[in-house]
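Just so we're aligned, residue 1 is where the sequence shown starts under my numbering, counting upward by one.
Hints listed in this document are in silico derivations from the structure and should not be mistaken for laboratory results. In this text the structure is predicted, and so the values were computed from the model without any measurement. One or more hints might be untrue.
What follows is a set of in silico ranges between Cβ atoms, one per label pair, in the way DEER data are often shown [claimed, not checked]:
{"hint": "1", "residue 1": "D304", "residue 2": "E275", "range": "23 to 31 Å"}
{"hint": "2", "residue 1": "G207", "residue 2": "G49", "range": "42 to 50 Å"}
{"hint": "3", "residue 1": "Y400", "residue 2": "G111", "range": "16 to 24 Å"}
{"hint": "4", "residue 1": "E226", "residue 2": "W108", "range": "51 to 59 Å"}
{"hint": "5", "residue 1": "V324", "residue 2": "A402", "range": "30 to 38 Å"}
{"hint": "6", "residue 1": "L203", "residue 2": "T5", "range": "39 to 47 Å"}
{"hint": "7", "residue 1": "E373", "residue 2": "E226", "range": "31 to 39 Å"}
{"hint": "8", "residue 1": "R79", "residue 2": "E373", "range": "39 to 47 Å"}
{"hint": "9", "residue 1": "T51", "residue 2": "L236", "range": "32 to 40 Å"}
{"hint": "10", "residue 1": "P312", "residue 2": "R27", "range": "24 to 32 Å"}
{"hint": "11", "residue 1": "G251", "residue 2": "G111", "range": "40 to 48 Å"}
{"hint": "12", "residue 1": "W108", "residue 2": "G173", "range": "17 to 25 Å"}
{"hint": "13", "residue 1": "R79", "residue 2": "L163", "range": "22 to 30 Å"}
{"hint": "14", "residue 1": "L201", "residue 2": "T144", "range": "30 to 38 Å"}
Built from N, CA and C at the ideal position, the CB exists for glycine as well.
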Amino acid sequence: MHHATPLISTIVGGIVLAFVLGAIATRLRMPPLIGYLCAGVVVGPHTPGYTADQALAPELAELGVILLMFGVGLHFSIRDLMSVRRIAIPGAVAQIGIATVLGMAVAWGFGWSWGQGFVYGLALSVASTVVLLKALQDRELVETEQGRIAVGWLVVEDLAMVLALVLLPALSGLLMPPGGASPDVAVPQAGASDIALAVALTLGKVGAFVAVMLVIGRRFIPWMLERIVWTGNRELFRLGVLATALGVAFGAYFMFGVSFALGAFFAGMVLAESEFSHRAAEESLPLRDAFSVLFFVSVGMLFDPMVLLRDPWGVLGTLSIIVVGKSLAALAIVRLFGYSNLTGMTIAASLAQIGEFSFILASLGVFLQILPERAQSLILAGALLSIVLNPLLFRMLDRYAARQGDAQTQPA
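Using the sequences provided together with the hints, build the complete structure.
Rendered as structure tokens:
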């Protein structure tokens with residue numbers, strides 16, 4: 001029997017090192033998240049010593065994303081989602097558009113084509129599920145007005161990225177830079193009718209998934225867990241909760257083309273109407289926390305520290321779009337809809353980072369020979385640095401909120 005399998009060594013190496021460096025970061029009065037990211041850099045391929053499995057780590061991290069979105073869905077009703085649709089839908093679409101245009105402008109400065117700039121900007125426009133939700137949960141903001149807007153915004157971004165991943169191969173011939181692809185790479189060509197069909201098919205699949213969850217899942221999932229509760233077996237209930245979260249997420253992806261995260265979110269939202277929703281949230285919490293740590297480790301593994309020396313201006317331009325451009329766009333949009341300055345700043349801070357969808361989009365862009373390797377390196381660097389900076393932005397926001405509260409309590 002092999003005692004040093006890649007799966008075990010990746011889990012053990014990632015969690016143990018994340019614990020050690022997270023404890024050191026906490027001791028230095030920094031967010032433990034920074035320690036988790038540093039753990040990924042240490043076990044990544046760009047630093048000497050032990051290297052964790054680069055294929056297994058992202059898949060393990062995906063479990064954290066699934067469980068995290070499932071947990072959010074448990075505290076988020078369909079009524080909550082519909083209550084923020086008037087700002088979440090136009091706000092997310094507008095913010096994606098602004099970030100994409102900013103990316104195209106910076107890419108033009110790099111000497112890239114408009115198609116390369118479009119994909120580069122699109123990859124910078126979507127926030128990380130794990131980072132956003134972790135920040136909201138740490139401050140108990142998920143069930144507040146700001147939290148509902150941020151989660152609704154996130155759902156719209158996820159749907160937009162699902163659509164982008166479907167359309168990118170069809171549009172690769174149009175987006176490819178002058179000179180074309182390598183003769184060894186088969187580039188799909190698509191006309192307007194093919195693109196329209198792809199959009200309609202994707203929207204139809206998403207609609208079918210939502211309909212299945214609302215009509216069948218809404219009845220079956222609570223009924224199933226109720227029967228398990230009657231058995232009095234806590235272990236079986238815990239297993240049923242995990243099976244629901246992972247099973248629905250997996251089925252949503254392979255049957256309807258919906259992302260794992262979005263599928264898990266809807267599973268949690270359906271279960272939220274059950275009287276067992278709070279117990280389900282408690283049972284899934286330990287695994288959710290453990291695998292979300294592996295997400296940050298997997299991000300650190302992708303990062304090559306040398307890019308900071310090879311391409312500092314490229315990294316700065318990328319980071320500026322993520323942290324400054326996206327934040328100001330989100331703040332302006334939220335204020336335009338008549339919400340308070342504090343709400344706008346909360347949404348802005350929540351979206352001032354990128355993550356899992358950005359990596360997938362960048363990898364697909366490189367595979368289709370739309371994006372250069374440099375773009376992928378900059379996107380990864382921007383992701384890691386923005387994730388490191390995000391807790392600091394929220395600390396600044398906390399101080400601003402505290403000052404606002406003090407000002408309101410002072411006598412006139």
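Against which earlier hints does the structure fall short, listed by number upward? 1, 3, 5 and 7
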